[in-house]
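S.K.: Chains A and B, in that order, are what the protein sequence lines are. The working numbering runs 7 ahead of the 1-based position in the first sequence. The working numbering runs 7 ahead of the 1-based position in the second sequence.
Wrong hints could be hidden among the right ones.
No copy labels: a pair is met if it fits in one copy or bridges any two.
[Unchecked claim] Straight-line alpha carbon distances no greater than 30 Å define the calculated BS3-like cross-link-like pairs of lysine-lysine that follow:
1. K158 to K27
2. K27 to K52
3. K229 to K18
4. K25 to K158
5. K27 to K229
6. K229 to K74
7. K74 to K55
8. K55 to K229
9. K158 to K229
10. K158 to K74
11. K158 to K52
12. K25 to K229
13. K55 to K158
14. K229 to K52
FYI, nobody ran anything at the bench for these hints, they're computed from the structure. Bear in mind that the values here come from a model prediction, so they are computed numbers and not experimental data.
Here is what each chain is made of, one letter per residue.
Number of protein chains: 2
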Amino acid sequence: MISSFANAQVKRIRRLQKDKRYRYREQAFVVEGTRLIQELAANSKRPKSIFYTEDWLADAEHEAFFKTVNLAGELVTNEVMAVMSDTETASGILAVTSMIPIPLPTQPSLVLILDAISTPGNLGTMMRTAGAAGIDSVLLAPGCVDAYNPKVIRGAMGAHFRLPIHHLDWEEIANYCQSLDIWVAETANGIIYTEVPWRQPSAIIIGNEAWGAGIEAHSVAKGSIIIPMAGGTESLNAATASAVLLFEAFRQRGFSS
Amino acid sequence: MISSFANAQVKRIRRLQKDKRYRYREQAFVVEGTRLIQELAANSKRPKSIFYTEDWLADAEHEAFFKTVNLAGELVTNEVMAVMSDTETASGILAVTSMIPIPLPTQPSLVLILDAISTPGNLGTMMRTAGAAGIDSVLLAPGCVDAYNPKVIRGAMGAHFRLPIHHLDWEEIANYCQSLDIWVAETANGIIYTEVPWRQPSAIIIGNEAWGAGIEAHSVAKGSIIIPMAGGTESLNAATASAVLLFEAFRQRGFSS
Chain A
8 MISSFANAQV KRIRRLQKDK RYRYREQAFV VEGTRLIQEL AANSKRPKSI FYTEDWLADA
68 EHEAFFKTVN LAGELVTNEV MAVMSDTETA SGILAVTSMI PIPLPTQPSL VLILDAISTP
128 GNLGTMMRTA GAAGIDSVLL APGCVDAYNP KVIRGAMGAH FRLPIHHLDW EEIANYCQSL
188 DIWVAETANG IIYTEVPWRQ PSAIIIGNEA WGAGIEAHSV AKGSIIIPMA GGTESLNAAT
248 ASAVLLFEAF RQRGFSS
Chain B
8 MISSFANAQV KRIRRLQKDK RYRYREQAFV VEGTRLIQEL AANSKRPKSI FYTEDWLADA
68 EHEAFFKTVN LAGELVTNEV MAVMSDTETA SGILAVTSMI PIPLPTQPSL VLILDAISTP
128 GNLGTMMRTA GAAGIDSVLL APGCVDAYNP KVIRGAMGAH FRLPIHHLDW EEIANYCQSL
188 DIWVAETANG IIYTEVPWRQ PSAIIIGNEA WGAGIEAHSV AKGSIIIPMA GGTESLNAAT
248 ASAVLLFEAF RQRGFSS
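Using the sequences and the hints, build the whole thing.
M.R.: Next up, the structure:
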């Protein structure tokens with residue numbers, strides 16, 4: 008049982024949680040909680056290492072699950088788990104897994120492009136919603152928070168293990184999406200989002216929470232779309248707007264992806 | 008200028024931020040930040056008191072705005088503002104205002120009912136989205152976090168000043184909504200949400216983030232609705248699901264409220 012904060016593995020986990028450059032150098036990231044680790048295993052991703060507490064293992068369901076993952080984990084004390092965890096109340100299990108992004112499909116049909124989304128919770132929620140709405144892939148343009156930030160991982164609820172999620176520059180995005188109608192979400196001046204023919208191969212760009220989409224986003228887009236709102240002063244948060252747009256596309260596609 | 012943490016007004020603000028019972032006893036709550044206080048003023052609500060820092064006032068736009076509010080505020084030090092504020096980085100201005108809920112319309116057309124929503128951020132986001140989607144009123148069933156919780160206020164982005172938002176028990180809800188088709192959102196087994204005739208006077212119930220809607224919700228509902236999702240294991244967070252449902256109703260209504 009690991010009980011020392013000075014243990015090399017404990018230090019490594021803490022660094023993976025906090026240091027983006029270290030994550031990329033190691034090509035690894037941390038996944039926390041029973042449900043996410045189940046998702047990881049269900050999607051045939053093998054954790055590199057697992058750490059859990061005795062309290063976690065005491066749950067009969069957890070023990071049964073643990074056997075199916077088929078990897079020897081290491082016991083740690085509650086105190087060590089607390090310092091390894093990115094959450095305020097650690098769930099009692101975490102794993103390290105490799106960054107092996109799912110390749111982009113060669114013939115994309117519906118793509119979500121995120122431009123400089125800066126709030127990890129928003130980015131995670133958008134990824135989760137994208138998975139539910141049958142999106143092919145999520146492209147993270149420059150300025151987005153890191154896809155492997157622990158808060159993004161938690162918010163995405165396993166989208167990382169099922170969806171292609173890639174950080175790309177605008178040239179790569181333009182190149183990949185050249186056969187798609189690219190629409191940029193705006194707060195004013197655009198086509199109403201329900202009037203877009205979403206059965207066409209399409210991409211949606213959602214811009215930064217505070218200042219919207221940037222100049223590169225507009226230069227690759229075919230046009231702007233808006234969500235009509237009641238009253239004059241209303242607005243939606245970026246994750247909500249993206250859910251409304253994605254589910255309109257999914258509706259027009261007969262809810263099939 | 009208030010510079011002491013022991014000042015009676017400073018203590019009162021802190022208590023209003025943290026203590027729900029005190030808020031209701033005083034029938035008052037705290038609103039933070041330039042934008043929300045502008046919304047408050049724009050909706051003809053007069054703050055009872057305003058506190059701001061010299062740094063805040065140094066902004067020319069802020070000074071002009073402050074004159075329009077037409078109420079003498081009190082200067083406080085940055086340190087005092089930091090302890091009064093519920094946020095990690097205080098915006099430099101906060102106000103106390105009365106709980107004067109907007110009355111419920113006598114002939115409701117589209118109502119959002121929230122059942123035991125426990126996360127303040129979710130509750131605030133749902134209120135904000137409800138305002139944008141032309142909802143008449145938001146009813147908070149038992150178990151919801153307090154509508155005047157500071158995090159709810161921030162997330163709702165002024166919905167409190169424009170929308171009727173009321174904590175009611177299930178009997179009051181059933182009574183108020185007796186002329187409406189009431190639909191409860193579920194994760195399985197229900198009508199697809201796009202097949203509901205939303206032009207009918209309707210209500211939507213969104214249940215708790217973890218365990219969904221409760222038995223009382225089901226007993227007042229006409230039926231269950233679901234949002235189809237891609238893949239097998241996907242799910243949406245409660246605020247996202249409510250946005251998708253509300254904007255489908257708004258779409259069917261021709262985006263008019």
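S.K.: Tell me, which hint numbers fail for this structure?
M.R.: 3, 5, 6, 8, 9, 12, 14
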